[in-house]
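Visitor: Going down the list, the sequences are from chains A and B. Numbering-wise, UniProt numbering puts 270 at position 270 of the first sequence, and it's gapless, one number per residue. Numbering-wise, UniProt numbering puts 11 at position 11 of the second sequence, and it's gapless, one number per residue.
Everything labelled a hint here was simulated from the structure, so no lab data went into it. Wrong hints could be hidden among the right ones.
Claimed, not checked - With a straight-line Cα cutoff of 20 Å, these simulated PhoX-like cross-link-like pairs (lysine-lysine) come out:
hint, chain 1, residue 1, chain 2, residue 2
1, A, K306, A, K284
2, B, K154, B, K26
3, A, K306, B, K86
4, A, K63, A, K12
5, A, K324, A, K306
6, A, K306, B, K90
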Amino acid sequence: MRAVDAVMECLKAEGVDVVFGYPGGANLPTYDAFVDAGIRHVLVRHEAGGGHAAEGYAKSTGKVGVALGTSGPGATNLVTPIMDAMMDSVPVVFITGQVRTELLGTDGFQEADILGITMPAVKHSWMIQHPLEIPRVLHEAFHVARTGRPGPVVVDIPTDLSKVDIPYEPVTDVHLPGYQPTTEGNVKQIRQAAKALAASRRPVIYAGGGVISAGASAELTEFVTSDRFPITCTLNGLGGFPAPHPQWLGMLGMHGTRTANYAMDEADLICAVGARFDDRITGKLSEFAPRAKFIHIDIDPAEISKNVPAHIPIVGDARNILGKLVNEYRALDADAGRLDEWWQRIGAWQEKHPLGFTDSSDEEIKPQRAVQAIYEATGGSAIVCSDVGQHQMWAAQYYHFDRPRKWLNSGGLGTMGFGFPAAIGAAVGNPDETVVCITGDGSFQMNLQELATVSENRIPVKVLILNNGYLGMVRQWQELFWDNRYSQVDMGQTPDFVKLAEAYGVAGVRLTRKDSLVEDLRAAIAIDGPVVVDISVTREENVYPMIAPGAAAREMVG
Amino acid sequence: MGDPGTKELLSLEELEASGQMRTGRKHVLSILVENKPGVLTRIAGLFARRGFNIDTLTVGPTDDEHVSRVTLTVDGALHPIDQVTKQLHKLINVLKIRDLEPADTVTRELALFKVAADGVQRAEVLQLCEIFRGRVVDVTRRSIILEITGTTDKIESFESLLRPFGLVEMMRTGEIAISRGRGET
Ligand SMILES: Cc1ncc(C[n+]2csc(CCOP(=O)(O)OP(=O)(O)O)c2C)c(N)n1
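Please construct the entire structure, taking both the sequences and the accompanying hints into account.
Guide: Structure below.
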């Protein structure tokens, strides 16, 4: 069969049911193979949209996402989603077309050294050198993307090689001698961690996105509730532990709750699970959790002691390790009363500094109120994608995630334009769920061409724009740190999003009334198919509380 | 949002103080890699991206045609060496890494020196060469090329002695290293 037909066979063997992509000269053979392959292909309107859609699919389903692009500009348009997937450890296989082998290195038409361009942004990458290696490389690619610390991989296929007639035999096992992720977790270290936890008087569990990629939420919950451990999650970890739970302190970090950040600050032991001590979490590193010892559980050994020295490192799969840790911990029968004082201290913070905002009786809709209304209107059960900015932080603060894989956002790279296409991927992967995208007027304009994709395919994404007419988060920083000198943050003539949606054949709804917000949202979300909802919100509202960049947790403001 | 967010001006001194500083401790990493295209780029790229500084880098075949050995010396940046090795381990074509202890390691470098020496000076240069167990590989009326192998220290002291005679050019390969005793490097 043609090598491209072998590509299709590999995709099927890997259980791929949908790919997101965009054709061009160099991947024409691949697109020809789609005609008979029986694999769903969603034609996006920009390769970046396809890449983020594959991420949204992967994040929401736990499966590997697949995105396709042609050579040159098609491939370079994928760079942002590739980096995004790298930063958030999302398993995506990116397949790019490449110019004919005889043209390689000649600056041929639509040639780009995509392997070179993406090398710092991938978990691994391959350029096909010989058509016979196609099946093996593709299976290796899926294996590498999915296992260990998940991540993006790139497979670049020169167009001439993809047309060659090759014998196809299914590849059953992958052998990569230099790639053997540790999954088990050292028993001695787990025991040591259990002992440290049993002895600590002010412990905090700090969970990140790794808990969700590892599918370890149930184990995490069991571990946390095996005693009264206080727990906080990162932006990417939200939903890894049920938010309404009494042991939940809220999110931590730059826009986390005071309770979570103060608890980290005063903790004597911090148990980090699948979290990487990002600077948005630690603030000023030298003043981060100054009294704490650290247990660090992570699948990636390079994360251990990268930013914060770990006293007890445990490398391996979080699900596996937490399972064992619970047993070890239970066997120790720790003193039940020792956390009383700690909880009193935490309780006092919770009482004094609840998450809140002032909502005057004027007509304006506060963005925080809008998120609360979205929560109510969806019964708290939607898959929520967000973009990047203030709306993202409000969504994180006021939509209470109680399950994993319900909150998709670009945490590591902070990519505006992620939300809408990611929602497309999530909706394609989860046809029975309500998928909303909480976005800003700025972010939405970064990938709104995908309105054509949702329209054509009737993908029922509900785009909810918190429209403040500003690049709100940047405006907030200019207000707080640059003496109100606003520069290039007023979005000026924002398009009429309702008309825009309608131009694409998508329903558009404008919401300006505060008193009926929940009902209006409910009605808008209930519209069959894709919908764009433009919600006018207070123009100059800030996200609080906040740890200023480079400051310490104790110096939280707002 | 990017960093730093605040408008305070940094002084150049502060910036320099926050940067990397050479610790003086040299590490010799011996890295076995799959003999595949792009491996060296991945290694070099990783060092550049993480801000680790490479002092010397040599690559050569091993007894297994699928495997090459990279010998790499780094001067201890602020980054602890185990961060360097852990990051390297994440590269899928990297098979094995050893941070060789200087005391347990034999290291060698090859250097070629071209010296513009004639007459009396030439005799002196040849004498030096003999003391350092170098070899003469080319002689013309006005210049001579010497070859020397040895530790970096030895090559450097040879160089400083030769320099006054009129050193035209010098080529050095960078170090290769092997651990002492029977065990594999
Ligand atoms: C691609 C990209 N460019 C620039 C930024 C910097 N940035 C971070 S937040 C933000 C403003 C976002 O505005 P909007 O989407 O309207 O959301 P709001 O903050 O108003 O809720 C910008 C420009 C970014 N994160 N991503």
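Visitor: Now look at each hint and say whether the structure bears it out.
Guide: Against the structure, the hints:
no.	hint	result
1	A:K306 / A:K284	holds (15 Å)
2	B:K154 / B:K26	holds (16 Å)
3	A:K306 / B:K86	holds (10 Å)
4	A:K63 / A:K12	holds (13 Å)
5	A:K324 / A:K306	violated (25 Å)
6	A:K306 / B:K90	holds (14 Å)
Hint compliance for this structure: hint 5 is the single one not met.
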